[in-house]
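Engineer: This is what each chain is made of:
Number of protein chains: 2
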Amino acid sequence: MSRQMVRPGGRSARVQAAVHAAVRELASEVGRDALTVPLIAQRAGVTPSTIYRRWGDLQELLSDVAVERLRPDTAPRDHGGLSSDLTVWAEQFLDEMASPTGRAYIRDALLGDPDGSNAGQCSAYAAEQINVILSRAAERGEDTPDVETVIDAVVAPLMYRILFRPDGLDTSYASRLVTGVLEPTIR
Amino acid sequence: MSRQMVRPGGRSARVQAAVHAAVRELASEVGRDALTVPLIAQRAGVTPSTIYRRWGDLQELLSDVAVERLRPDTAPRDHGGLSSDLTVWAEQFLDEMASPTGRAYIRDALLGDPDGSNAGQCSAYAAEQINVILSRAAERGEDTPDVETVIDAVVAPLMYRILFRPDGLDTSYASRLVTGVLEPTIR
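If you read the protein sequences in the order shown, they are chains A and B.
The first sequence begins at 1 in full-length UniProt numbering and counts up one residue at a time.
The second sequence begins at 1 in full-length UniProt numbering and counts up one residue at a time.
For reference, chain A alone in the conformation it holds in the complex:
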């Protein structure tokens, strides 16, 4: 089979792109709660049964779209040191996830996700970003905690409070968590 026959932009990928785009457009036009499978199908130019066959139901489709939206666009910026890299990343993570849009995406990602794979993907995105920051710091010769420790000490409290205990969440809280994991002895 020649290279021309390989179709990374084949029908399946085109359907997914059209349906995801339809969800994003309609969500901003009519609001998230007014979305229905027939409405999305019409906008995407597919039949409702195409959507049901592929995603099962609206909840699972919204979960997939949410995970796609939560995927980081770029690697974390290099500010020249672990402390500033991780602090800036954590503050930005909080900003994005605690926004009304971010909360709606987290909620969607968790909901239509019977096997937990979408929630796992969200966590993998955060772990990858942290891994980039820690690897860069290690190359500079800095002492670094491991990825799972940063997840427990920074990502988990941020996400827990966004979901369950949002009072008083601000960027200074995010930066205190980073300080805590980098200098555990002075907590």
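Errors might be hidden in some of the hints.
Unchecked claim - Label pairs and their in silico Cβ distance ranges:
(1) A/104 to B/146: 27 to 33 angstroms
(2) A/53 to B/104: 24 to 30 angstroms
(3) A/80 to B/99: 42 to 48 angstroms
(4) A/78 to B/17: 56 to 62 angstroms
What the hints assert, rightly or not - Some chain B residues close to chain A (C-beta under 7 angstroms, calculated; not the full set):
(5) 27
(6) 30
(7) 119
(8) 163
(9) 165
(10) 168
Hints listed in this document are in silico derivations from the structure and should not be mistaken for laboratory results.
We put the beta carbon where it would ideally sit given N, CA and C, even for glycine.
Following the hints, complete the assembly by docking chain B onto the known chain A.
Structural biologist: What follows is chain B alone, placed relative to chain A:
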């Protein structure tokens, strides 16, 4: 108004108890995914519109039932020391929340909860339990972290991993988190 006129067991409370009981019974008989408002109404002996008027939709009703089910029945046991009290509590919290039933309740509590009050109530339950443990330790003269620190260092990682990153979750992980918050200098 005489005391006899106060009706803690009035119609509103009776409707709530009957509807909650109907949800619990039907969930175990037909499964959580087969629940519908008409089915619940019939079992509870109320009209569907009574349920819609009071709860808005099925999701919000399930969220209320979930929070009720997540309410701890008893105060945490006294094992004679902060470390053992907190370790036993954290292991039990993980056991309950990471079970299929616990996960379903957490998910329900988060979902039908537009204003976040049910998720906040779940977190308040954990905070109250931890507060009992820490107050008892302080009375014994033990050094104690504060409640919010324990939430960040123990509850948040457990809940984050249950929801987003469940691989390798076990009781030894819970007890390591407790060790970490009680002896931060040796992490």
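Engineer: Of all the hints given earlier, name the ones this structure violates by number, lowest first.
Structural biologist: Hint check: 5, 6, 10 fail, others pass.
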